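Visitor: Let the hints inform the model, and build the full structure from the sequences given.
The listed protein sequences derive, respectively, from chains A and B. Each number in this note's numbering corresponds to the 1-based position in the first sequence with 21 added. Each number in this note's numbering corresponds to the 1-based position in the second sequence with 21 added.
Hints may be right or wrong, so weigh each one.
Identical chains blur together in the list; that is why a pair holds if it fits in one copy or across any two.
What the hints assert, rightly or not - Listed below are the simulated DSS-like cross-link pairs for lysine-lysine, each with C-alpha atoms no more than 30 Å apart in a straight line:
#1 K163 / K117
#2 K499 / K483
#3 K138 / K232
#4 K483 / K71
#5 K517 / K499
#6 K71 / K117
#7 K517 / K232
#8 K232 / K71
#9 K232 / K163
#10 K499 / K232
#11 K138 / K163
#12 K517 / K117
#13 K230 / K499
#14 K71 / K138
#15 K517 / K71
#16 K138 / K499
Derived from the structure by calculation, the hints contain no laboratory data. These figures come from a predicted structure and were not determined experimentally.
Chain by chain, the residues:
Protein chains: 2
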Amino acid sequence: MSSAYAELLQTLRGVATLTSVASLLGWDQETMMPPRAGGVRAEELALISKLAHERATAPRTGELLAECEADGEVMSDAAAAANLREIRRDYERATKLPSELVAEFQETASRAVEAWKGARGESDFAAFEPWLRRLVTLCHRKAECYGAPEGGELYDALLDEYEPEMTGEQIEEIFAPLREELTPLIAETTSSPYQPSRAVREQRFPIRKQKELNAYVLERVGFDLEAGRMDVSVHPFSAGIAPGDTRITTRYREDDFPEALGSTMHEAGHALYEQGLPRAEHWGQPLGESVGLGIHESQSRLWENHVGRSRPYWEWLLPQARRVLGSQLDSVSVDDLYQSVNIVRPDLIRVESDEATYSLHIMLRFDLERAMLRGDLDPADLPGAWNERIAADLGLEVPDDSRGCLQDIHWSMGAIGYFPTYTLGSLYAAQVWEALCAEIPDLDEQMSRGEFGAVLTWLREKVHRHGRRYPAAELCAKLTGAPLSHEPLMRHLREKLDSIYRLDAQTTA
Amino acid sequence: MSSAYAELLQTLRGVATLTSVASLLGWDQETMMPPRAGGVRAEELALISKLAHERATAPRTGELLAECEADGEVMSDAAAAANLREIRRDYERATKLPSELVAEFQETASRAVEAWKGARGESDFAAFEPWLRRLVTLCHRKAECYGAPEGGELYDALLDEYEPEMTGEQIEEIFAPLREELTPLIAETTSSPYQPSRAVREQRFPIRKQKELNAYVLERVGFDLEAGRMDVSVHPFSAGIAPGDTRITTRYREDDFPEALGSTMHEAGHALYEQGLPRAEHWGQPLGESVGLGIHESQSRLWENHVGRSRPYWEWLLPQARRVLGSQLDSVSVDDLYQSVNIVRPDLIRVESDEATYSLHIMLRFDLERAMLRGDLDPADLPGAWNERIAADLGLEVPDDSRGCLQDIHWSMGAIGYFPTYTLGSLYAAQVWEALCAEIPDLDEQMSRGEFGAVLTWLREKVHRHGRRYPAAELCAKLTGAPLSHEPLMRHLREKLDSIYRLDAQTTA
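Guide: Structure follows, in structure tokens:
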């Protein structure tokens with residue numbers, strides 16, 4: 022290894038160390054931190070982010086990078102070349118931002134999150150509006166520093182942080198046919214004469230017992246508790262803090278045990294990806310990092326929806342649930358539960374939405390955040406615009422902003438460009454799942470016995486271990502032989518809902 | 022405020038921000054961190070400590086400090102002058118250490134803590150010995166950087182970090198008469214024909230219920246849960262992480278509910294001090310910080326022993342305990358419990374020792390760590406030396422090192438010079454308590470009603486709000502009208518044990 026390359030990696034390890042500290046501070050803020058510590062936490066995050074950014078963008082880092090790129094021997098190593106390609110990408114982006122803006126952004130976001138929590142609790146949009154305005158302005162400044170790609174828009178510059186190389190226009194092109202096919206499918210299911218019962222999932226179980234069940238499931242899908250932990254938070258999330266330290270949260274409701282299970286499976290999907298990355302060997306290097314949020318979300322959606330909402334999974338899970346939660350579940354059948362977790366019903370809340378209507382929530386947020394960044398939508402007009410879209414897309418009336426535009430944490434964190442990656446994740450997941458199913462013929466039987474090792478091994482081999490070696494589009498093509506498309510997700514939904522809602526039968530009848 | 026003073030305070034605020042991050046990392050390591058994250062955590066702590074040290078010792082900091090000291094207007098303000106006196110002290114100490122040593126020390130200590138956990142679990146001193154040796158060497162290097170005070174020894178340079186201005190010799194002078202009076206008192210109690218029963222405290226109660234009781238007590242003594250939290254850890258501790266963020270831990274045993282209560286009161290004492298410091302106004306300044314560990318420990322000992330082991334306190338607590346823990350306690354009397362928490366019985370474990378024998382544990386550690394630093398005791402010979410002293414001082418045989426020289430975390434953290442502050446704390450506490458009692462005549466009645474507001478207000482006013490304005494010796498003289506002495510503690514113990522063990526009666530008989 023050349024000395025320049027070694028020094029470069031050492032520098033990046035320092036940056037990663039600081040970033041991991043920031044990540045822990047963020048995790049703590051959402052799970053453990055006492056309320057009165059919010060102000061100092063914002064200062065801490067601002068300072069650590071600034072120090073990490075200064076280190077990443079130091080002139081010496083640029084010199085080392087250029088020296089490595091000019092070194093034929095280094096570049097002839099495929100791993101090093103992939104690393105350097107991505108280091109260059111990160112460096113170019115990072116050096117476009119002044120460290121002061123990074124610190125200001127981080128501090129504002131950290132304070133805004135606390136303001137959002139209060140505003141959401143009181144359903145008081147007016148209290149949050151100045152923060153939103155400030156964040157949109159900061160996002161705009163950040164996007165201007167990055168600059169729009171040729172022929173693109175400022176939004177693309179932000180999106181690029183979450184989903185490298187993707188543009189708003191490309192997303193529109195994928196979302197449009199998805200929307201076109203989703204809308205009639207949702208209409209068919211909601212108007213079907215056969216409607217599965219939700220009652221089976223609404224039995225009450227003590228949270229203590231639910232925790233035991235969730236911990237059991239988490240371990241069974243392969244989460245390493247020696248290298249991670251699970252806690253409770255208002256908004257479930259996953260944090261790949263450092264090698265050997267991946268933490269997830271979930272949330273419980275006494276009267277809806279499958280919800281916590283779904284949330285656990287979702288976050289477990291993220292966490293299994295983090296635990297499967299070669300982080301220890303490549304700490305601080307792109308080869309030890311995840312590709313982008315779309316692929317990250319594909320891992321969570323795959324476990325949440327393709328495993329966790331499948332019939333074989335519930336065949337295995339129901340007896341486990343009976344054992345832990347008790348005899349109340351004796352009268353419930355696998356089909357009851359399987360159907361109840363796949364009910365299509367427009368909901369005001371994104372994170373409580375079903376697989377089919379979920380993407381409509383994302384499209385709405387994508388459109389509104391893009392409009393805010395363009396200046397076409399004033400932050401003050403957000404609630405009105407939100408409520409109109411909910412009425413138009415989901416046929417629901419928003420009773421208050423806490424169940425409307427205040428429901429999500431993202432904008433309060435200054436994360437504009439993040440939302441579309443959720444649906445990209447669903448699309449990647451469906452497409453990857455088809456490839457995986459083709460290669461593991463007895464998958465359903467395995468899952469019905471609670472065996473998830475083959476799924477995890479496949480994902481480890483095909484996705485996790487590569488880190489950022491392949492960009493998302495290339496990885497997708499490599500895995501599935503095709504570019505990203507809305508079709509696998511529509512096939513998956515169509516097939517499942519046809520059977521549950523007996524849509525075929527209707528058509529035949 | 023002069024611009025140099027403002028800039029100096031701003032710099033120190035940055036140092037405090039980094040120190041608070043390190044403190045959170047340490048808290049997390051003891052309470053939440055998954056086992057496999059230990060290596061990265063050590064790197065994180067090393068880097069953050071190094072950055073904080075670099076900032077604190079930057080030449081610009083020294084220039085600003087000198088400029089302020091030369092500014093008659095700044096120095097004419099008593100608060101600023103006190104701040105600058107202590108900033109100078111800190112600066113002089115910090116600049117004597119190279120940042121590299123700070124980082125190496127921090128990283129070694131962080132790894133050694135993990136090694137110690139393993140070694141203690143297995144009672145495997147050999148596994149810990151190389152770490153201990155490394156830490157003693159590092160402590161020696163650190164002490165040499167600081168330099169021994171005139172006429173003093175290297176140990177003093179380390180002690181000065183925990184108990185400013187105190188020397189090993191002064192400690193010897195206080196410990197000697199204490200030992201002389203403690204030894205016969207312990208002999209009298211242990212040989213008294215009347216022996217209180219321990220059985221009353223050994224009833225079993227679920228930890229869930231104990232947690233509820235401890236949380237209730239914590240709130241009643243005045244701990245602000247909006248600005249702190251309580252968790253569980255192997256070794257209970259308190260961490261004043263930042264303004265608005267003071268965290269404590271405790272530990273539970275099903276068959277000893279008073280132990281957790283004692284541990285909670287102890288840590289609450291530390292935490293009430295932290296919450297009472299003017300940290301928000303003086304964040305990063307000596308005026309917002311605690312005086313030293315002796316005074317800090319006096320706060321914990323005061324609440325643990327003078328409040329939490331008093332009869333009036335148990336008059337109040339027993340009905341609360343019955344309410345939360347259940348009817349098992351109906352047959353237990355206040356005197357039963359009061360006596361059971363004051364039993365004098367030599368114990369192998371420091372943190373489980375009674376008020377009287379506790380200080381013998383400290384004297385042993387003080388002597389052994391001083392000998393290790395001087396090179397008079399090789400780390401390999403620690404178990405032998407330990408076991409001999411335990412036999413001589415407490416009449417006990419050490420069955421394994423996990424109940425011997427591996428029981429405490431301190432040396433694994435590189436904390437040599439820390440232990441004596443525990444007994445200094447007990448001495449300060451007894452002396453301060455006498456002053457407090459003299460000024461609150463109906464204190465016993467208040468405590469028997471579960472009213473602790475007067476105690477807290479007195480401590481806030483006399484101790485907490487001053488930060489480091491007065492050095493420990495000056496504060497002690499101001500509060501009690503006398504220099505630190507072993508006599509108040511001996512009076513306290515003598516009076517209590519005379520009554521419980523009926524020693525007076527014996528003498529009279």
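Visitor: Work down the list of hints and note, for each, if the structure agrees.
Guide: Each hint, compared with the structure:
1. In the homo-oligomer, the alpha carbons of K163 and K117 lie at most 30 Å apart inside one protomer (9 Å), although the nearest pairing across protomers, at 42 Å, exceeds that limit.
2. Only within a single protomer do K499 and K483 lie at most 30 Å apart by alpha-carbon distance; the minimum there is 9 Å, versus 71 Å between protomers.
3. For the homomeric pair K138 and K232, the shortest alpha-carbon distances inside one copy (25 Å) and between copies (28 Å) are both at most 30 Å.
4. In this homomeric assembly, K483 and K71 never come within 30 Å of each other (Cα to Cα): the closest approach is 35 Å inside a single copy and 40 Å across copies.
5. For the identical chains of this complex, K517 and K499 are intra-copy neighbours only, at 27 Å inside a copy versus 79 Å across copies, given an alpha-carbon limit of 30 Å.
6. Taking the shortest alpha-carbon separations for K71 and K117, both the intra-copy value of 14 Å and the inter-copy value of 28 Å come in at or below 30 Å.
7. With identical chains, the CA atoms of K517 and K232 are at most 30 Å apart within one copy only, with a shortest distance of 29 Å there and 47 Å across copies.
8. When the C-alpha separation of K232 and K71 is checked against a cutoff of 30 Å, the pair qualifies neither within a copy, at 38 Å, nor between copies, at 40 Å.
9. When the C-alpha separation of K232 and K163 is checked against a cutoff of 30 Å, the pair qualifies neither within a copy, at 41 Å, nor between copies, at 47 Å.
10. Taking CA atoms no more than 30 Å apart as the test, K499 paired with K232 passes in neither setting, with 38 Å inside one copy and 54 Å between copies.
11. In this assembly of identical chains, the alpha carbons of K138 and K163 lie at most 30 Å apart only when taken from the same copy (24 Å versus 46 Å across copies).
12. With identical chains, the CA atoms of K517 and K117 are never at most 30 Å apart, being 47 Å at best within one copy and 70 Å at best between copies.
13. When the C-alpha separation of K230 and K499 is checked against a cutoff of 30 Å, the pair qualifies neither within a copy, at 42 Å, nor between copies, at 56 Å.
14. In the homo-oligomer, the alpha carbons of K71 and K138 lie at most 30 Å apart inside one protomer (25 Å), although the nearest pairing across protomers, at 35 Å, exceeds that limit.
15. Within a single copy, K517 and K71 get their C-alpha atoms no closer than 48 Å, and across copies no closer than 57 Å, so neither meets the 30 Å cut-off.
16. In the homo-oligomer, the alpha carbons of K138 and K499 never lie at most 30 Å apart, since the shortest distance is 42 Å inside one protomer and 46 Å across protomers.
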